[in-house]
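Participant: Take 0 as the starting number for the sequence shown in numbering that gives the first Met the number 0 and just add one per residue.
Because the hints were derived from the structure by calculation, they are not lab data.
Every value quoted in this text rests on a predicted model; they were computed, and no experiment measured them.
Treat the hints with care, as some may be off.
In the DSS-like style, the derived pairs of lysine-lysine whose C-alpha atoms are separated by at most 27 Å in a straight line are [unchecked claim]:
no., residue 1, residue 2
1, K74, K118
2, K70, K25
3, K33, K120
4, K178, K13
5, K52, K74
6, K105, K70
7, K13, K52
8, K33, K52
9, K178, K25
10, K33, K118
11, K70, K178
12, K59, K162
13, K162, K52
14, K118, K13
15, K70, K118
16, K105, K52
17, K13, K162
18, K120, K74
19, K70, K33
20, K162, K105
21, K25, K162
22, K70, K162
23, K105, K120
24, K162, K118
25, K25, K13
26, K59, K13
27, K70, K52
28, K118, K25
29, K33, K74
30, K97, K120
31, K120, K70
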Amino acid sequence: MVSLSTWFRYIANKLEYSVSISWKGKLTYLYGNKGDQMAPVMGGLGGTLLVRKLPAADPKRVSVGDVVLMKDPEKSDNYIVRRLAAIEGYEMVSTDEKDEPFVLDKDECWVLADNENMKPKEANDSRTFGPVPMRNIVGRAIYCLRTAVDHGPVQNSNASMRKDSPVLEVELDVDEMMKNHKA
0 MVSLSTWFRY
10 IANKLEYSVS
20 ISWKGKLTYL
30 YGNKGDQMAP
40 VMGGLGGTLL
50 VRKLPAADPK
60 RVSVGDVVLM
70 KDPEKSDNYI
80 VRRLAAIEGY
90 EMVSTDEKDE
100 PFVLDKDECW
110 VLADNENMKP
120 KEANDSRTFG
130 PVPMRNIVGR
140 AIYCLRTAVD
150 HGPVQNSNAS
160 MRKDSPVLEV
170 ELDVDEMMKN
180 HKA
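All chains, please: the whole structure from these sequences, using the hints.
Facilitator: Below, the structure is given as structure tokens:
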């Protein structure tokens with residue numbers, strides 16, 4: 000049973016979202032993620048994600064450390080899941096001495112795959128395609144189902160996890176996620 004205070008926080012989130020979009024529907028949707036770029040968070044073969052819709056991606060709604068769903072900068076019809084590593088104003092310094100440091104411009108971000116065993120080309124992240132416009136971010140992953148017995152909240156920034164907790168408590172349906180899960 001969801002507590003009354005959780006319902007109030009959930010309705011506050013829904014109102015904030017509805018001001019920019021509409022009241023209809025849920026604040027979340029399911030997304031099937033394939034590949035091992037986000038292992039170990041998403042498992043070696045991917046998983047089914049519960050993604051929180053974002054009316055607009057800006058530093059007030061997403062934070063460094065969040066796992067985000069975004070339009071693939073190289074294939075605009077596709078979406079990818081990566082961790083937000085830096086936002087506007089951050090200085091980016093390469094480990095390669097040939098590369099000059101630079102500062103991310105307004106409304107730009109830097110995203111990385113979580114799988115540290117992958118080479119940059121395999122990871123398909125900002126090390127390959129560079130800074131990404133914040134408007135490419137369409138949602139934040141808040142729950143991941145890897146298998147029937149291996150699932151749980153996605154580790155995002157503390158601020159985002161606090162904002163997402165009432166949404167997760169009200170809208171999480173593991174049985175529905177299992178129906179849509181493609182292992």
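Participant: Output the numbers, in ascending order, of every earlier hint that fails for this structure.
Facilitator: Of the numbered hints, 14, 24 and 28 do not hold.
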